[in-house]
Amino acid sequence: MRCVFTLVFIFCAVLVGFSQEKNEVERRIKSDEVHDNAKEWLKETYKKRGKTKWYYQTDGNKEVFEAKLKHNKQLHSIEFSLDGQVQNIEILIGEDELDPKVLESILKFLDTTYTKSSISKLQIQYTGDEDDLEDVIDEQEFEDVIVKYEMEFYGKNDKDDELWEALFDEHGELIQKRIINLKATDNLDY
Amino acid sequence: MKYCLSILFTLSSVVSLAQNERFVFGFFPEAALSYKLSEDYTTTHKIESQHGLYDTQYLNQEFEYAHQLTDVQTFLGRRLSPFLKADIGYQYRLQEGKNTQRTIQQISILQRVSYYRLGHRVRVDQTFYKDAPLLFRARYRLKGQLPLQGQSLDVGETYLTISNELIYMIQRSEDDIENRFAVGLGFYMDDKNKFEVGFDYRTDDYLVENRFRHRLWFKIGYYKSL
Numbered sequence: 000m001r002c003v004f005t006l007v008f009i010f011c012a013v014l015v016g017f018s019q020e021k022n023e024v025e026r027r028i029k030s031d032e033v034h035d036n037a038k039e040w041l042k043e044t045y046k047k048r049g050k051t052k053w054y055y056q057t058d059g060n061k062e063v064f065e066a067k068l069k070h071n072k073q074l075h076s077i078e079f080s081l082d083g084q085v086q087n088i089e090i091l092i093g094e095d096e097l098d099p100k101v102l103e104s105i106l107k108f109l110d111t112t113y114t115k116s117s118i119s120k121l122q123i124q125y126t127g128d129e130d131d132l133e134d135v136i137d138e139q140e141f142e143d144v145i146v147k148y149e150m151e152f153y154g155k156n157d158k159d160d161e162l163w164e165a166l167f168d169e170h171g172e173l174i175q176k177r178i179i180n181l182k183a184t185d186n187l188d189y
Numbered sequence: 000m001k002y003c004l005s006i007l008f009t010l011s012s013v014v015s016l017a018q019n020e021r022f023v024f025g026f027f028p029e030a031a032l033s034y035k036l037s038e039d040y041t042t043t044h045k046i047e048s049q050h051g052l053y054d055t056q057y058l059n060q061e062f063e064y065a066h067q068l069t070d071v072q073t074f075l076g077r078r079l080s081p082f083l084k085a086d087i088g089y090q091y092r093l094q095e096g097k098n099t100q101r102t103i104q105q106i107s108i109l110q111r112v113s114y115y116r117l118g119h120r121v122r123v124d125q126t127f128y129k130d131a132p133l134l135f136r137a138r139y140r141l142k143g144q145l146p147l148q149g150q151s152l153d154v155g156e157t158y159l160t161i162s163n164e165l166i167y168m169i170q171r172s173e174d175d176i177e178n179r180f181a182v183g184l185g186f187y188m189d190d191k192n193k194f195e196v197g198f199d200y201r202t203d204d205y206l207v208e209n210r211f212r213h214r215l216w217f218k219i220g221y222y223k224s225l
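Protein chains in written order, with numbering that gives the first Met the number 0: chain A, 0 to 189; chain B, 0 to 225.
Hints should not be assumed to be uniformly reliable.
[Said to hold, decoys possible] Sample of chain A residues facing chain B (criterion: CB under 7 Å; computed from the structure):
hint, residue
1, Glu25
2, Lys29
3, Asp157
4, Asp160
5, Leu162
6, Trp163
7, Lys182
[To be verified] Ranges between beta-carbon positions, derived for each pair:
hint, chain 1, residue 1, chain 2, residue 2, range
8, B, Tyr114, A, Asp137, 53 to 63 Å
9, B, Asn98, A, Asp95, 25 to 35 Å
10, B, His44, A, Thr111, 27 to 37 Å
11, B, Leu141, A, Ser80, 35 to 45 Å
12, B, Thr73, A, Ile179, 25 to 35 Å
13, B, Leu68, A, Ser30, 46 to 56 Å
14, A, Lys69, B, Tyr139, 31 to 41 Å
15, B, Ile87, A, Asp128, 50 to 60 Å
16, B, Leu147, A, Ile174, 51 to 61 Å
17, B, Leu75, A, Gln175, 54 to 64 Å
Keep in mind the hints are simulated off the structure, nothing from the lab. Don't be surprised by glycine CBs; every beta carbon is placed ideally from N, CA and C.
Full structure from sequences and hints, please.
Quick look at the structure:
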């Protein structure tokens, strides 16, 4: 019995001793912590918006604020630099909301690369300066903005059987893809 | 604070419910160590132990300590897809002169829903006794993991876990049902080190007359992978 308690004690001691590694971090923050420029741009651009949730994100180098809100029944994520300059807007969309030609190109990529695939998340991404991004939202004007598509999907072929994240250009041509490493499931499995 | 209050509330309801039936309360530490054998194969070793502090049947109502059992388990798992894993396992149970052996087979499915994730586990096991017939159990567990800071679980953050497992068991011609409901708070130190603390509320002997039993365990678990 003493041995079991010793084990428990060792685990607790190990816990305390762990230092945190540098990693991608995202955490919820209060709107007070966000630069006023970001909040003003948001107020000006999204006149009818739902509740805004603010997040701080860093990958160890780049630090950004991200606002998540609902607009016209769609989920928008708006990224800002720490000084409140808008960087890009990502909107969660369904396959049926995609330009048919872009969808055709993306599906062709999936069909030719994988024997089995399914799309789990699709976002349209607009990048540009603050006035142009404002026009995208309040005037549906897409001048001088770069359009890309970010997609999360499952793809299996003879070589790989993974979850992927891919970026496509405005025509649906693949720019880059990477494997998404799912977090360990040991606490869900045993 | 809100979580502590709800846990306290659940605890007090359980205790008042259990006044006329058998009620056991105790401490339940567990620890798991997992490591990869190859790209697709993983081994997991787990030790878990039940320590009773209070039992209405044995009248050790003055918080008398009693070691109940310690399980040592080893699993061999194969990844079938990023979301699907199959395991076979073996357990040796140390229980005061009633040691048993168990074989286990399980399928686990990971489901990602919005910003939380669900783990489905379908398990069957067979327990071998020295002087009793084989016990066969079929189990299904659903465990949810919900980040408490932001929408993704990052290093240094905490998460909430809620799980329920339903177990059907049959030994020769006698069968029974057990239910296990658990809530816990998890500490995500990094992907290789997780610590969970919470309560595991088990009820069994549903199909046996006058023997309904409640067990409430204060659980701490450590999940380590290499």
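Hint check:
This hint holds: Glu25(A) has a C-beta 5 Å from the nearest C-beta of chain B, less than the 7 Å allowed. Hint status for Lys29(A): violated, given a least beta-carbon distance of 12 Å to chain B, over 7 Å. Residue-level restraint check for Asp157(A) is violated (minimum Cβ-Cβ distance to chain B is 14 Å; threshold 7 Å). Checking Asp160(A) against chain B: minimum C-beta separation of about 6 Å stays under 7 Å; hint holds.
Taking 7 Å as the C-beta contact cut-off toward chain B, the hint placing Leu162(A) at the interface holds, the least distance being around 5 Å. A cut of 7 Å between beta carbons decides the hint on Trp163(A): the least distance to chain B is about 10 Å, and the hint is violated. The criterion of a C-beta within 7 Å of any C-beta in chain B is met by Lys182(A), whose closest approach is roughly 6 Å, and the hint holds. A C-beta distance of roughly 28 Å is found between Tyr114(B) and Asp137(A), which places it outside the suggested range of 53 to 63 Å.
Between Asn98(B) and Asp95(A) the CB atoms are about 60 Å apart, so this pair departs from the stated range of 25 to 35 Å. Range check, His44(B) to Thr111(A): about 43 Å between beta-carbon atoms, so the 27 to 37 Å window is missed. A beta carbon spacing of about 41 Å between Leu141(B) and Ser80(A) agrees with the range 35 to 45 Å that was offered as a hint. Look at Thr73(B) against Ile179(A): about 30 Å separates their beta carbons, and that is inside 25 to 35 Å.
Distance hint check for Leu68(B) and Ser30(A): the Cβ-Cβ separation is about 52 Å, which falls inside the suggested range of 46 to 56 Å. Here the CB-CB span from Lys69(A) to Tyr139(B) is close to 35 Å, well matched to the stated 31 to 41 Å. Here the CB-CB span from Ile87(B) to Asp128(A) is close to 58 Å, well matched to the stated 50 to 60 Å. Separation of Leu147(B) from Ile174(A) is about 35 Å and departs from the stated range, judged on CB atoms against 51 to 61 Å.
Under the hint 54 to 64 Å, the C-beta atoms of Leu75(B) and Gln175(A), about 36 Å apart, miss the expected range.
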